[in-house]
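Novice: These are the residues of each chain, in order.
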Amino acid sequence: MNALTTTFVRRLRQRDEAAWFELWQDFGPAIRFQLSKWGGGRIGFETVQDLTQDTLAALSKCIERYDPSRGARFSTWLLSIAKHTLGDELDRRNAQKRNSGVKPLSLDERIDSSQVGLEVDEIFEQRMFAAKICAAIRKTEAEADFVQFQVWRMRALDNLSGKEVSSALGISEPTVSRHMARVRDHLKQQIVEVVMQYSFTPEEEAETQRAGLARSESEFDEAVSDLYHAHQIFLGEESRGRT
Amino acid sequence: MWSFFFGLLITLLTLFGAVIIFIYVVIPTIGHVFTFFGRLIRFFYQELRDILLIPVALFVGVIKLLRATICVVLARWDIVHIEMTSAKRRFVEAYDRTVSVFIDNPLRIFGIDSSKQATLPNYMQQVEQGAVGAAHQHKKNFGGKINTPNKFDGYKVVGTLPPGGSGAKIYIVQPINTSSKIVIKCFDISDGSQLPQIVRESRSMEAAKKLGLIIEHHLDNERFWYAMPYHEGDHLGVVTSLLHGTSSHLNTKNLRTVLLYQQTLLQTLREYHRAGLWHKDVKPDNIIVHDEKAHLVDLGLVTPLASAMTLTTHGTEYFRDSELVRQAIRGVKVHQVDGSKFDVYSAGAVLYFMLENTFPPHGGLSGFNKDSPEGVRWIVRRAMSDYDKRYASAEDMLADVETILHSKDISSVRPADLPSMTNESVVLDDIVYKKSVPLRSTPSTGGGPFAKVNIYKTKPLGVVVAFVIVGLIIYSTTSSSDTPLSPQNTTANISTSIFDHTRPIGRVLLLDDCAMASDPEACHEQVKIVTKKLTARGWDVFTDEQLDARSRVWIPEELNTTPEVAVKLEHEQLAAILVMQEGENKTILASVLEHATSTQYVVDVE
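Residue numbers (this note's numbering), protein chains in the order written: chain A, 1 to 243; chain B, 244 to 849.
Hints are computed from structural coordinates only; laboratory data are not their basis.
Hints may be right or wrong, so weigh each one.
Simulated restraints, written as ranges between beta carbons of each label pair [unchecked claim]:
| id | chain 1 | residue 1 | chain 2 | residue 2 | range |
| --- | --- | --- | --- | --- | --- |
| 1 | B | 485 | A | 46 | 29 to 37 Å |
| 2 | B | 463 | A | 40 | 48 to 56 Å |
| 3 | B | 749 | A | 10 | 31 to 39 Å |
| 4 | B | 296 | A | 40 | 40 to 48 Å |
| 5 | B | 485 | A | 146 | 33 to 41 Å |
| 6 | B | 309 | A | 10 | 51 to 59 Å |
| 7 | B | 762 | A | 146 | 53 to 61 Å |
| 8 | B | 655 | A | 40 | 46 to 54 Å |
| 9 | A | 45 | B | 309 | 31 to 39 Å |
| 10 | B | 463 | A | 46 | 29 to 37 Å |
Partial chain A-side listing against chain B, Cβ under 8 Å, derived [claimed, not checked]:
| id | residue |
| --- | --- |
| 11 | 150 |
| 12 | 163 |
| 13 | 167 |
| 14 | 235 |
Subject to a maximum C-alpha distance of 25 Å in a straight line, what follows is the list of computed SDA-like cross-link-like pairs (lysine to any residue) [claimed, not checked]:
| id | chain 1 | residue 1 | chain 2 | residue 2 |
| --- | --- | --- | --- | --- |
| 15 | B | 632 | A | 232 |
| 16 | B | 632 | A | 145 |
| 17 | B | 453 | B | 828 |
| 18 | A | 139 | B | 556 |
| 19 | A | 139 | A | 83 |
| 20 | A | 139 | B | 536 |
| 21 | B | 771 | A | 232 |
| 22 | B | 536 | B | 642 |
| 23 | A | 188 | A | 53 |
| 24 | B | 613 | A | 188 |
| 25 | B | 307 | B | 317 |
| 26 | B | 613 | B | 654 |
| 27 | A | 163 | B | 659 |
Note that beta-carbon positions come from the ideal geometry of N, C-alpha and C, so glycine has one too.
Excised from the complex, chain A in its bound form (with noise of 0.2 Å):
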């Protein structure tokens, strides 16, 4: 693990809220569509909601007992920790209606990374990296000026010509140019942080590269548009079948 993902764990371990409440808004919606996929309507909204908790919950506490010679990726090992806790909760549920006595498995007990396959969904994978570039656009954001981030969301995301940006906001084409290469390098390197932060393998850091953001300016917006509009997409479905 490199050492961007070892800071983020040990805030993890040491139960920084604020840690875990970023893990929750990056990676809460993918987790949530997947469980609520996997319980194909046998649990409701409020269990998925808890079984989403329980499984950002228990990344911090399994993460103790994570082998990187297995080669499990982060997404590979929350989608795993994700399934065992939805099957602890469907065990649970048998055990009661059967009143059996029978101690289903505890979530400690059923999740090991020597068992951890490789049956990932490549849709989950998708968004999980759709969700890992929108946290670094949000970062941007966050630390770019207003206008200049404006100015790069109207071009890459917005998908307007260089001349309605400028029309527009009442600024040059060349001060519309500067703003988009400054607002892009920010997102460059906040991109490389936060892959880096929650990637636990070399296969998953090279990602951004066959994602197509390691190549030419134009490519990288393009790209970088197309990770955020599916991611949009996503959301908009996620958050509806909520409501």
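Given the coordinates of chain A, assemble chain B onto it according to the supplied hints.
Specialist: Leaving out everything else, chain B in the frame of chain A:
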């Protein structure tokens, strides 16, 4: 002939007499006999039931006590309180049943009902219970109007509204002799309302009244209610859905309507913030559209901007800034942040909702899928941007909205033309409506200390006899709560002076709660005087900002000494905590929380 008639008369009279005797003597006697047998059967049934249930109640009580002890060992203070309450309830039940076995049940054989229920004759109780039951059944079935005369002085209840998340009941009422309608929100402890919720809602009442948001408010030991203007109409969620219909975007007319709603919403928020309040729950469900204006309702979370309380995460997802959650997690106090900025964020989310007909799923990064002018989108983004970068006030946001609203072509306004970009000062519109709040001469009451409500009802008769029987159990139960980890909580002591209070041996942390007073400055001055006098009497009173923030997290809202308080005081090496806040009639209400007791004093500095 005469003798025949005489004989007939005698026969008739005899028959009549026999019938009368049968009706008035025989039947009642038979009735009494049957009643007696009925009572006898009931007596045996009740005796059997009570005798069986006494050991059950005692057993459960003991189990609960044991569980409470285990929780004390595990330091699960939240559960300790619940377990102790359950244990007490079980012991009281055992006590009541014992009284019934020896006194109440035998007396009932002779028609003497010593329980509290017997204050009315049985048939009256049945009529009353029947009426109440029927009314509630009617309400349950039809959600309709129940006339509950004298429920609220000067008002007649004409309907109800669905309750919100607070659990309070909401009534539509008419002031007597008028046809106007008003809404009353009522928290009744007997209906399950929680005291902390009541305290939270009652905090901003005076300020809200000055603002015209509420008409009057009343608080007593049983309930708290306040009256506010009634806006008849749909909430913004419904109205937005109608505006959008099946269209992919809002047309110019509807867009203007949306901006008018946003304008009135921001005008209202500006008034809140000027009055030193923060709504904290701005969302479409809390905005009623009436007379083409957006009326912000629900004062459930309204908080003074200068409050010294710790920030909470209350609010509604998607309309609540995630920064608020982060700050709350950090334990920041309300006055350490600008609460009005969180309202600005919510106002931006509401504008997004009106443009997109859905909530912003991704906070400030939420994209727009429907066509809308770039200028309006800019307002949404600015309002929902990072805490430090968003509009500094609702007024700044209002200036941008009004600039677009006053333009001939809404779509032609560029972000560059907005006052927030040009830094030009603009004259804002006057508020085009005034709330027609009917004035009430009745002075509002409230804000004073809550008397502790005794939820354990015991039967009045047979106390001595029953006490002899179960005294030992009760004694053992109550004596167990005298241990250091279960402090005896005393009640308000307003008859004596705080200056006669035994000086706590050790440091006393002062928590000044004047930020919520009607006149904070005057309150601070009074607190200073009281503190000075206490210091002169040897009290080691001190203030500490960090300790202040930390302690507010665990101090109970009722300002009682609980086992947790005792442990925390020990942990912080404090002899006591002195909480001073505004009392009634400009007095100071001082609460001294010590390891084993809590005492309240009303201090009149004059």
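Novice: A separate judgement is required for each hint: does it hold in the structure or not?
Specialist: Each hint, compared with the structure:
Distance hint for residue 485 of chain B and residue 46 of chain A: a CB-CB separation of about 30 Å, consistent with the stated range 29 to 37 Å. The supplied range of 48 to 56 Å is met by residue 463 of chain B and residue 40 of chain A, whose beta-carbon atoms lie about 51 Å from each other. Restraint check, residue 749 of chain B to residue 10 of chain A: a C-beta distance of roughly 37 Å satisfies the suggested window 31 to 39 Å. For the hinted restraint 40 to 48 Å between residue 296 of chain B and residue 40 of chain A, the CB-CB distance of approximately 45 Å keeps it satisfied.
Checking the proposed 33 to 41 Å range against residue 485 of chain B and residue 146 of chain A shows it holds: the Cβ atoms sit about 34 Å from each other. Distance hint check: the CB atoms of residue 309 of chain B and residue 10 of chain A are about 39 Å apart, inconsistent with the given range 51 to 59 Å. Restraint check, residue 762 of chain B to residue 146 of chain A: a C-beta distance of roughly 39 Å breaks the suggested window 53 to 61 Å. Distance hint for residue 655 of chain B and residue 40 of chain A: a CB-CB separation of about 51 Å, consistent with the stated range 46 to 54 Å.
Here the CB-CB span from residue 45 of chain A to residue 309 of chain B is close to 37 Å, well matched to the stated 31 to 39 Å. Between residue 463 of chain B and residue 46 of chain A, the C-beta spacing of about 36 Å keeps the proposed range 29 to 37 Å intact. A cut of 8 Å between beta carbons decides the hint on residue 150 of chain A: the least distance to chain B is about 6 Å, and the hint holds. At its closest, the beta carbon of residue 163 of chain A sits 13 Å from a beta carbon of chain B; the interface hint therefore is violated under the 8 Å criterion.
The closest approach between the C-beta of residue 167 of chain A and any C-beta of chain B is roughly 7 Å, which is under the 8 Å cut-off, so the hint is satisfied. The interface hint given for residue 235 of chain A holds, since its Cβ lies 4 Å from the closest Cβ of chain B, which is under the 8 Å cut-off. Pair hint residue 632 of chain B plus residue 232 of chain A holds up; C-alpha atoms about 23 Å apart against a cutoff of 25 Å. At roughly 8 Å between alpha-carbon atoms, residue 632 of chain B and residue 145 of chain A fall within 25 Å of each other, so this suggested pair holds.
About 17 Å separates the Cα atoms of residue 453 of chain B and residue 828 of chain B, which keeps this hinted pair within 25 Å; it holds. Taking the CA atoms of residue 139 of chain A and residue 556 of chain B, the gap is near 22 Å; set against the 25 Å cutoff, the hint holds. Restraint check: the Cα-Cα separation between residue 139 of chain A and residue 83 of chain A comes to about 30 Å, which exceeds 25 Å; the hinted pair is violated. Note on residue 139 of chain A and residue 536 of chain B: the hinted pairing is violated, with a Cα-Cα distance of about 37 Å set against a maximum of 25 Å.
Under the criterion of a C-alpha separation no larger than 25 Å, the hint pairing residue 771 of chain B with residue 232 of chain A is inconsistent with the structure, at around 55 Å. At most 25 Å may separate the alpha-carbon atoms for a hinted pair to count; residue 536 of chain B and residue 642 of chain B meet this at roughly 18 Å. About 30 Å separates the Cα atoms of residue 188 of chain A and residue 53 of chain A, which puts this hinted pair outside 25 Å; it is violated. Using a Cα cut-off of 25 Å, the hinted pair residue 613 of chain B and residue 188 of chain A is violated, with the two alpha carbons roughly 29 Å apart.
A C-alpha spacing of about 15 Å is found between residue 307 of chain B and residue 317 of chain B, which places the hinted pair at or below 25 Å, so the restraint holds. Our distance criterion of 25 Å between C-alpha atoms is met by residue 613 of chain B and residue 654 of chain B, whose separation comes to about 14 Å. In summary, the hint linking residue 163 of chain A to residue 659 of chain B is supported, as the alpha carbons are separated by about 14 Å, within the 25 Å threshold.
Hints 6, 7, 12, 19, 20, 21, 23, 24, counting from the list given before, are not met by this structure.
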